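The listed protein sequences derive, respectively, from chains A and B.
According to the numbering used here, the residues represented by the first sequence are 1451 to 1730, in order.
According to the numbering used here, the residues represented by the second sequence are 91 to 321, in order.
Calculated directly from the structure, the hints in this document are not laboratory data.
Computed from a predicted structure; not experimentally measured.
A portion of the hints provided could be inaccurate.
As a list, the in silico DSS-like pairs of lysine-lysine whose alpha-carbon atoms are at most 27 Å apart [stated by the list, open to error]:
#1 A:K1612 / B:K319
#2 B:K308 / A:K1492
#3 B:K319 / A:K1488
#4 B:K303 / A:K1488
#5 A:K1492 / B:K172
#6 B:K319 / B:K303
#7 B:K297 / B:K128
#8 A:K1557 / A:K1466
With the Cβ distance kept under 8 Å, some of the chain A side facing chain B (calculated, not the full set) [unchecked claim]:
#9 G1596
#10 G1598
#11 I1601
#12 L1608
#13 D1727
One side of the interface only, derived from the structure: several residues of chain A facing chain B at Cβ under 10 Å [stated by the list, open to error]:
#14 D1490
#15 G1510
#16 P1558
#17 F1595
#18 L1600
#19 L1611
#20 D1615
#21 E1646
#22 N1647
#23 E1693
#24 D1694
#25 S1717
#26 I1718
#27 Y1721
#28 N1724
#29 K1726
All C-beta atoms, glycine included, are put in the ideal place defined by N, C-alpha and C.
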Amino acid sequence: MLLKNTYNEFVKILAKPRSYLGIGALTLLISVILFAMKADGKSFISFVTSSFEQTLSFNGNILNGNLIAFIILQMLIVHIPLLVSLVTGDLISGEAAMGTIRMLATKPISRTQIVLSKFIAGAVYTLILTIWLGFLALVVGKWLFGSGDLIVLNSDGLVILKEQDILWRYGCSFAVAYLALLTISTLSICLSAFAENSIGPIVTTMSIIILFTIIGSLDVSVFDSIKPFLFTTHMASWRSFFEDPVPWSTIWNSVLILLAHNVILISIALYKFNKKDITS
Amino acid sequence: MRTIFTLLLFSIGFQSFAQEVDADAVLQQVVQKLNSVKDYSVEANIKANIPLIKIMPVTASIYFKQKDKFKVVSKGIAILPKQGFTDVNAFLMKKGSYMAVSGGVKTIDDIKTNLISVIPTGETSEIILAKLWIDTKRDVIIRSQVTTRSSGTVLVDYSYGTEVQYGLPNQLVFTIDVKKFKMPKSVAADLNKTDKQKQKTADKDQKGTITIKLTNYKVNKGISDNVFKEK
């Protein structure tokens, strides 16, 4: 019954035009970045390497598909949560707003299963968005710019990774990026359980992300104790796979914290939805 | 007493005369050797040990053709010093554009060398000063320290093998100054690193080395100009 209901929930997601808005926006954004890089990528690279160019010269195909994918991931990981929450923030509250939640509750399925099926459907949608991002960034990027070694741009230096040492890093980083986006999906569904309209959970989700990101980027000691527990701190953990050596303990810590967020948020949503008065 | 003093003065004068080196002649011997190379291609293994840059050793092919055509072809990303590879040779070949001054004798790795300081006569030369430690037995440069207007000072240590008759080294070790490096946060986006963490690594000018091992020289076999065209 859970699977059947999950299927129905996914069909409902597919039936909404806003679901395609996310994929369309992602396609447009990445196309713009690819066009910009094709047109004037060399000056972007020159801007990055200029600190060293007084004494060093960089030879080889620097502006390649691997670097393009990295730049795209870096640029968009901040914006994709909006596209995710646009769809997932509506999953429970949208039913309440349209008045279909009571009809949903008449089905021979527990409220827990209703919420879980929405979480799973949201997770599948987020996965599709992540795979589409990966396809456009990596596959189309490599098709347009070719392959090659990857220059990772850090604020305190450069790491240059061999071409044959990159693909597994992308695989792992997309997996962690997916987990981060899943946390956004879970957060917005959890907030959706508290709301009666669609826009509230979406705006609240984005506000939380902005607030936590600002707290995370402020070098103020008063926030030092809470920073490690903010999910936004770990949203950029995908980047750690491009360090040399890979800081596995930091990554596992981030994965655990993101998983813990997911479990807690799902639990809160289940508790709230099971107690929710849907008769009035 | 006067006779002893005169003999002593004569002896000192004779010794310094014996040590006096004709800097121009020494340099021209080296230039003559370098001029015998019309073109070459060589396989290079480049190992860069530069602060703030992590990179694995890279293999590349290097092509050179008189008088200043130079190209590095590598499948991966290769980092080379901006100065010190061919520019010293190119500078030395412009006879009349510099003056050479002898700076004494120094032993480097058990090789007796003559230090020749090369100073450009023109005011617009990119090279400000080149110090060359020359092995006069083999007429090759053992060490060079080149100060340029744009790239600062680069120190290069040369080792020779089979192509010593052409003055071509089989290993070059470049020591360069790396300026402090700061990437804008918007470009780097490693938001989790605090400014305190970054300052530990980024705020000091440091020295780096690039070691280039050169093998499989093909000298004067002819290289097409197409090789040097930008793709």
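To see whether the hints hold, each was checked on the structure:
1. A:K1612 / B:K319: The hint holds at about 26 Å.
2. B:K308 / A:K1492: violated, 33 Å
3. B:K319 / A:K1488: holds, 21 Å
4. B:K303 / A:K1488: With Cα atoms ~35 Å apart, K303 (chain B) and K1488 (chain A) exceed 27 Å; violated.
5. A:K1492 / B:K172: holds, 18 Å
6. B:K319 / B:K303: Between K319 (chain B) and K303 (chain B) the Cα gap is close to 25 Å, so the pair holds against 27 Å.
7. B:K297 / B:K128: With a Cα-Cα distance of about 34 Å, the restraint between K297 (chain B) and K128 (chain B) is violated, given a limit of 27 Å.
8. A:K1557 / A:K1466: Satisfied, since the Cα-Cα distance of roughly 22 Å is no more than 27 Å.
9. G1596: Violated, because the Cβ-Cβ distance from G1596 (chain A) to chain B comes to roughly 11 Å (cut-off 8 Å).
10. G1598: holds, 7 Å
11. I1601: Status holds, d = 6 Å.
12. L1608: Cβ of L1608 (chain A) sits 5 Å from chain B, so the hint holds.
13. D1727: At 41 Å from the nearest chain B Cβ, D1727 (chain A) fails the 8 Å test, so the hint is violated.
14. D1490: This interface hint is violated because 15 Å lies over the 10 Å limit.
15. G1510: Cβ of G1510 (chain A) sits 4 Å from chain B, so the hint holds.
16. P1558: Result: violated, 47 Å to nearest chain B Cβ.
17. F1595: Because about 14 Å separates F1595 (chain A) from the closest Cβ in chain B, which is outside the 10 Å limit, the hint is violated.
18. L1600: Holds - the Cβ of L1600 (chain A) comes within 10 Å of chain B, reaching about 8 Å at its closest.
19. L1611: holds, 8 Å
20. D1615: The hint holds - D1615 (chain A) has a Cβ within 10 Å of chain B, the shortest such distance being about 8 Å.
21. E1646: violated, 35 Å
22. N1647: Violated, about 32 Å.
23. E1693: Result: holds, 9 Å to nearest chain B Cβ.
24. D1694: Hint holds; D1694 (chain A) Cβ to chain B Cβ min 5 Å, cut 10 Å.
25. S1717: This hint is violated: S1717 (chain A) lies away from chain B, its Cβ roughly 27 Å from the closest one there, beyond 10 Å.
26. I1718: violated, 26 Å
27. Y1721: violated, 32 Å
28. N1724: It is violated, given that the least Cβ distance between N1724 (chain A) and chain B is near 37 Å, above 10 Å.
29. K1726: Result: violated, 37 Å to nearest chain B Cβ.
The structure does not agree with the numbered hints 2, 4, 7, 9, 13, 14, 16, 17, 21, 22, 25, 26, 27, 28, 29 stated previously, though it agrees with the rest.
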